[in-house]
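The listed protein sequences derive, respectively, from chains A and B.
In terms of the working numbering, the first sequence opens at residue 186 and continues consecutively.
In terms of the working numbering, the second sequence opens at residue 186 and continues consecutively.
Just so you know, these hints were derived from the structure itself, not from any lab.
Hints are not guaranteed to be accurate.
Note that the list lumps identical chains together, so a pair holds whenever it fits in one copy or between two copies.
[Stated by the list, open to error] Straight line, CA to CA, 20 Å or less: simulated SDA-like cross-link-like pairs of lysine to any residue:
#	residue 1	residue 2
1	551	316
2	312	270
3	312	297
4	312	302
5	495	299
6	312	598
7	312	295
8	411	278
9	551	389
10	411	339
11	551	270
12	495	390
13	411	598
14	411	586
15	411	434
16	255	368
17	255	367
Computed from a predicted structure; not experimentally measured.
There are 2 protein chains.
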Amino acid sequence: MDSAHVPHVLVLGGGFGGLWATRALASAPVRITLVDRTNHHLFQPLLYQVATAGLSAPDIAAPLRHILRKQSNVTVRMDDALAIDLGARRVSLAQGNLDYDYLLVATGATHAYFGHDAWAEHAPGLKTLDDALAIRSRVLSAFEAAEREDDADARRRLLNFVVIGGGPTGVELAGTLAEIARHTLPREFRRADVRSARVHLVEAGPRVLAAMPPELSEKTRLQLLKLGVEVHTGKPVTAINADGVTMGDARIDSRTVLWAAGVAASPLGRQLGVPTDRAGRVPVAPDLSLPGHPEVFVIGDLASVQQDGKPVPGVAPAAKQMGEHVAAVVRDRVRGIAAKPFRYRDYGNLATIGRMAAVVHYGTLKLSGLLAWWFWLVAHLFFLIGFRNRIIVLVNWGWSYWTYQRHARIIVGRRDREP
Amino acid sequence: MDSAHVPHVLVLGGGFGGLWATRALASAPVRITLVDRTNHHLFQPLLYQVATAGLSAPDIAAPLRHILRKQSNVTVRMDDALAIDLGARRVSLAQGNLDYDYLLVATGATHAYFGHDAWAEHAPGLKTLDDALAIRSRVLSAFEAAEREDDADARRRLLNFVVIGGGPTGVELAGTLAEIARHTLPREFRRADVRSARVHLVEAGPRVLAAMPPELSEKTRLQLLKLGVEVHTGKPVTAINADGVTMGDARIDSRTVLWAAGVAASPLGRQLGVPTDRAGRVPVAPDLSLPGHPEVFVIGDLASVQQDGKPVPGVAPAAKQMGEHVAAVVRDRVRGIAAKPFRYRDYGNLATIGRMAAVVHYGTLKLSGLLAWWFWLVAHLFFLIGFRNRIIVLVNWGWSYWTYQRHARIIVGRRDREP
């Protein structure tokens, strides 16, 4: 086949949406360019483990071109997508331009501070490996600073940790931080009383894990308390600075504040010529194409999809399903067949809380505690890409389980050394 | 015992010298403070594996306070030693001061550019984990840039790698880079012909691995050639800029130049009141104490020690032996016993070249090739700290061996993304 006649599918983003779409087009008569600003696919559900030193960065990431090495119709390009010209069917990248016949925009979401961009400096968020390593440095450095500190009051402040946002990421971070302070570190410090460290989880809404049924939110709250986390619900944050967090009348002094509260869709969504929703997501047609542009698709966290009156959640399984759906639509379109509408299949919702504690919700099934944790562990190992990664992650988890140790407690990156 | 009467031993540096001294003082009637600017002990002999994406940073590093958690007479402090006041017996740190009864200066060496500090920007060196991650980013990004590049000439330049310095680090880096270009990456790139990448090893002196017998240098050169490395000996570098390296009349165009040529002792050595040698090392008394200051010791790469008319080499076994010797001297001194002179026991010299190739020299024994590589592998695994690290490193090596893959090919750190 002459390459001039092979449709070019340009995929922006190598997350769950973009990568699953690319793989589902393996046998399609198209050529694909997959563009990502990093060189890797990231297994984001375990990113909090890198931030809390339980796993190394390469344990949960794999080079995109390695994953796709056997798929000969794909070219992987590490580059930044800057602008989309829908009329010319062209994307401007930091290092050049690419024309497309079909465009899949799957650039996901980033953390957002609801207009308080000054908070970013004091309360880093968790979306990329760089974020995770920066948070790891900050957390470990706070313990180091406390050990150096002579003043008891200052030491206490250094051992106050605040996690803002009671969603899955906030719950995971808070639970794991409490575990580190209670079990991992105490024997290793001589001056700082690490066991007295306080971990606060602050949530604006009335309960944690709001996407779960209320009884599982309550179970989560109780398991967090058991781990030593102080849970503050119904407390919207009003200010953050270098010394702590203000929630209306209440104030927590802290030098280590982590942000897990807000998500905003990738700014590329604003270039697609349709009004986005409040979080910057793009409303799409039933087949996930851009209204008025059947050759452009928006998938994953960037897409706003309603189903049965409810939004499809911004989770990995939804992104994968959208990716596979759009691949099918493109395959059909190339053959002149009309597109089918997307339908999200909900395989349940699960979140981990800390050592041996998790919650699982699927239909009428509601699990919590140890059984839920095993469920979570098996599911996450199963979905982790690459045989080697699974083995290594399992060895690391086994090791952590028996010893309470977290092997990746290595501070790298000088700029983050002082908390 | 009243703590006022317990001598305070201040150890600066948690490398092989400082850590081995600290451990050897476990049962001594002293209290110890170990200061390091990082939070970890680094197994430097495998640092090139982190730089070349074969291992993760936490695989070859362990938190100092974790290593020493059971040694109750030690306090670990993450801090920067800035100045030493020998008269007041006090060290100024970035975050405070510490008085000492005994001082062990074990702050090692860093890479040096022989007065050409402007070269640092274009030719990063390899001494810390941050260095290794920066080199990893730079190398991987060069392949990514080549894949993006449309111009064939520019692509060729992007796939030119230069390693400066034919010592063990330079040989390891060059051999591994060639292996990556020949075996790890080719199938994954669609536009760049990665197999055509050229790896140059540039050495000012007449042969590589100058510390080895000439026949092993020659074996090393032949093994490097077999791996695809172009070896340039007798070529002192005269200039380095963003586009390449000049050696007198010769010029190699390259956007990725790595520096493994020069080492200078830690600047703290200049504060000890004695003239240092050309590399900044401090000449010490036979018991490794500072002349005129029997309470101060200098060990490891910072110490200039002559034995039988030859310098004791700057290698890990020498640093460990010095650390243990000084610990014995301090123990004796506390009990009023005179110090014995240090005596270096040479257990041989070994260097790895690449996949299944190494050289070993011990007395009259000279090995090269596969047998030497197995020797090197067992020795390095044996000396790696921590049972978990050994298991993980072995799994990773086994994996790399069978698949030619290097699992840690993850680019982190935005500033180094463009080569």
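For this structure, which hints from the list above don't hold up?
Hints 1, 2, 5, 8, 9, 10, 11, 13 and 15 not satisfied by this model.
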